[in-house]
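J.: Residue strings, one per chain:
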Amino acid sequence: ETGVTQTPRHLVMGMTNKKSLKCEQHLGHNAMYWYKQSAKKPLELMFVYNFKEQTENNSVPSRFSPECPNSSHLFLHLHTLQPEDSALYLCASSQGWGGRSSYEQYFGPGTRLTVT
Amino acid sequence: DAKTTQPPSMDCAEGRAANLPCNHSTISGNEYVYWYRQIHSQGPQYIIHGLKNNETNEMASLIITEDRKSSTLILPHATLRDTAVYYCIVRASIISGGGADGLTFGKGTHLIIQP
Numbered sequence: 049e050t051g052v053t054q055t056p057r058h059l060v061m062g063m064t065n066k067k068s069l070k071c072e073q074h075l076g077h078n079a080m081y082w083y084k085q086s087a088k089k090p091l092e093l094m095f096v097y098n099f100k101e102q103t104e105n106n107s108v109p110s111r112f113s114p115e116c117p118n119s120s121h122l123f124l125h126l127h128t129l130q131p132e133d134s135a136l137y138l139c140a141s142s143q144g145w146g147g148r149s150s151y152e153q154y155f156g157p158g159t160r161l162t163v164t
Numbered sequence: 562d563a564k565t566t567q568p569p570s571m572d573c574a575e576g577r578a579a580n581l582p583c584n585h586s587t588i589s590g591n592e593y594v595y596w597y598r599q600i601h602s603q604g605p606q607y608i609i610h611g612l613k614n615n616e617t618n619e620m621a622s623l624i625i626t627e628d629r630k631s632s633t634l635i636l637p638h639a640t641l642r643d644t645a646v647y648y649c650i651v652r653a654s655i656i657s658g659g660g661a662d663g664l665t666f667g668k669g670t671h672l673i674i675q676p
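Chains as they are written, first to last, in our numbering: chain L, 49 to 164; chain V, 562 to 676.
Chain L extracted, bound-state conformation (with noise of 0.2 Å):
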């Protein structure tokens, strides 16, 4: 457990089909970010939020929509999407303080998602 939750842990829908992951920290953290790791592929950063304020996007397409209402929820709407979007969409967070660095990140285990 690191405190990071995420649901749900698979998805399957089709490219016509609106859905959302949600993440949830319990950490007191400030910063939450979405990465997106594909087959063979390393991780990649699609989000970063910091006070509920998006402070990163990663060119990533506008099929999805992130959302943070407050520091510990993080939501990626997903909507049309095609099937090379099938991935393991993974929520992290960190503390990102003044002092400290903030590449302690905390990962959630992800959410499997599969585009038919």
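Keep in mind that the hints were calculated from the coordinates and are not lab data. Be careful, since some hints might not be right.
[Unchecked claim] Not everything, but these chain V residues come out facing chain L in the computed CB check (under 8 Å):
#1 A621
#2 R652
#3 D662
Yeah, the Cβ is synthetic: ideal placement off N, Cα and C, and Gly gets one too.
Got chain L; can you put chain V on it based on the hints?
T.: Just chain V now, kept in the frame of chain L:
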């Protein structure tokens, strides 16, 4: 960010020390060395980080050479559960005012612990 180079795979016998090397010859003075691992189909797990001094925690030890151009992660008594992909990442610290920044993962080293 400085680039890192790691061997794609390594084997180690159970109970022995696993020594995972990482080269980061272009590292700059304010960049830390971080190690993460990812057990199959799970989220990455933070292991340890350091700047220039050697570091040790309950999981591992990190040895950084004096010129800081390379480092070694040591798992002192490897178990089968240590089989994972290990990532060495070099990043500058966010020192003041808070902030957040994503990690850039390479391909890492696939460490296989043999029974």
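J.: Any hints this thing doesn't respect? Which numbers, in order?
T.: 1
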